[in-house]
Amino acid sequence: MSSSYAAVLRTPHASRTFAFAFLGRLSYGTVFLSLTLALTASTGSYARAGGLLALLGLTISVMSPVRAALIDRHGPRRALVPMATAYALVLAAFAVLTSRPGAPVPLLTVLAVAAGVTAPPVGVVMRTLWSALLPDGPLLRRAYSLDTVSEELVFVTGPLLAGLLAAVAAPSLGVALGAVLIAAGTAGMAASPVAAPRPEPHPRTTRVRSFPLAPAIAGAATGAVLGSTGLLAVAFTQRHHQPAAVAWVEAALAVGSTLGGLAYGALSRSAPGRARLAVLACPLGLGLAAAGLAPSVAILAAAVCAAGLFVGPTLTTAYLLADADAPPGARTRAVAWVNTALNLGASGGTAATGAALDALPLPACYAVAAAPAVLVPLALLVLPKRQRSSPPGGVTAHDRSMDDTTDPQQYWDSRYSEHHAMWSGEPNAVLVQEAAELEPGTALDLGCGEGADAVWLARRGWRVTAVDISGVALERAAGHAAQACVADRVDWQRRDLAASFPEGSYDLVSAQFLHSPADMPREEVLRAAAGAVAPGGVLLVVGHAGPPPWDPDAHPGVHLPTPDEVLASLALPDGDWEVLRSDEHERVQKAPDGRTMTRTDNALTLRRRAR
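For the sequence shown, the residue numbers in numbering that gives the first Met the number 0 are 0 to 610.
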């Protein structure tokens, strides 16, 4: 599967989910202008309409983390639909009340608060769903870039639609349309299999950090730029006696952001980090500051377009980092915090620019508005560095010994029974990297544990046979598959691989960390695994390269073979197999004392040649 935008949309369930998310977002693009016009006409006061809209915006921002926490706890399907239903009903009430003059302001105030509380975070949820649909890598970065561009399109087409409805009918009709769009879009998103409740990897009493400080700083700085640009453009065009040209300046910013976002997704090759946030945000600010020196509106539009090239990439990177750094049970909250920072930054930028325009020359106002983005590198420099993707909980891979009175099944059942969740709930990174571009078919997951790999494969369209020796692990795995709505795509089998091996042939056979203190003939199991690979299929073997760094004396006498040693032990016929990968892979793991440390694994990927 090629790493293109078309490949993103060809991913199972991606196009449908993304299309419904766009409908829901279009509601927001339409509603705010429609509400502005409808409230102004109904109350007869710009001040009252502005106050109600400010109250709505403030409530949405304040309640955003609360709504996100509900979605993290209960899943998009259970939390998003009630929010959208309530929000649509509130919009319908707004449409009815504002359809005629004299709507009671106290009732409109109550509705504004209710709308702010219930507004479903469609964009935030869609960004977290991309992580479930796609592996970390180029495809996910393209998806986030596409997502950012879609928001630009929403806030260009939405106001046009609102203005058209206000011109040919009434502004309240745009509010009613917003209710229909949010209800339809959210219902479609929730119906997608990817929006089903995901396995909860941690006890509910566990407190996890969900505030992404660096992405939030970049989001707030970008918001300040975006919030300032419109007001600055109004002032600039008025002083050049071309007030109608403000629309062209706003359009230039949107075009720049769209082009920058698409180019960033297409050209980016490496995973983003904090340094990239600094590299992107600083030119955004410098570009805005330079725009204030433009001698004409045309040059201003060109300069704003150039600055806009960095808007989409900066926001894409901020959302990607927030998602990547968040614990599995707090991703929606992490992305919501970036969105909240963006909105608060926009509000603060507008307010600060308004005050500056009354006191400073116009070029100085542009410089003031640009300052937050220019200072992002300095702000990120003083933040403490963090490891990313550390599995919370401090679970170790081998924390008990096995004695002669315990058989392998009893040992592993006992191990799993000691933990609410023994593993992170996320699929193994090497599997995600290697299987992301494979055409879904049949898969065999050996030593499936609590089922994260099997569920991930099933969600991508594979039919999976998942095997483990522990009944406790398989029971949890089956529950996770049911929550993910893929129970019919996974056949869970309890087997001791030392005694029996699943029948049949498979397009993918995955053996992840088949290490055990029990007497297990690992080489024989892996040879059987190779024999189960269908012509044209793939064998993936991943194992530890050494003991955990926090306990270098663990597993004395246990040999952990290199990829070359595993390949030699398979004794494969010459010419029948192609080596796709044979190397080491590093990942971050949490030690029992809470430290995050890097652990190295060995990875071997082979393809059986088609006959």
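Any given hint could turn out to be false.
Unchecked claim - Quick list of the computed label-pair ranges, beta carbon to beta carbon:
1. 72 / 417: 16 to 26 Å
2. 159 / 358: 57 to 67 Å
3. 544 / 72: 33 to 43 Å
4. 301 / 179: 16 to 26 Å
5. 504 / 581: 50 to 60 Å
6. 262 / 418: 52 to 62 Å
Since the hints were made in silico from the structure, they are not lab data.
Since the model is a prediction, treat every value here as computed from it, not as a measurement.
We put the beta carbon where it would ideally sit given N, CA and C, even for glycine.
Tested hints:
Checked against the hint of 16 to 26 Å, the C-beta distance between residue 72 and residue 417 comes to roughly 25 Å, which is consistent with it. The supplied range of 57 to 67 Å is broken by residue 159 and residue 358, whose beta-carbon atoms lie about 35 Å from each other. Against the hinted window of 33 to 43 Å, the Cβ-Cβ separation of residue 544 and residue 72 comes to about 37 Å, which satisfies the hint. For residue 301 and residue 179, the hinted distance range of 16 to 26 Å is not satisfied, since their beta carbons lie about 39 Å from each other.
For the pair residue 504 and residue 581, the beta carbons lie near 23 Å from each other, so the given range of 50 to 60 Å is not met. Separated by about 45 Å at the C-beta atoms, residue 262 and residue 418 break the suggested range of 52 to 62 Å.
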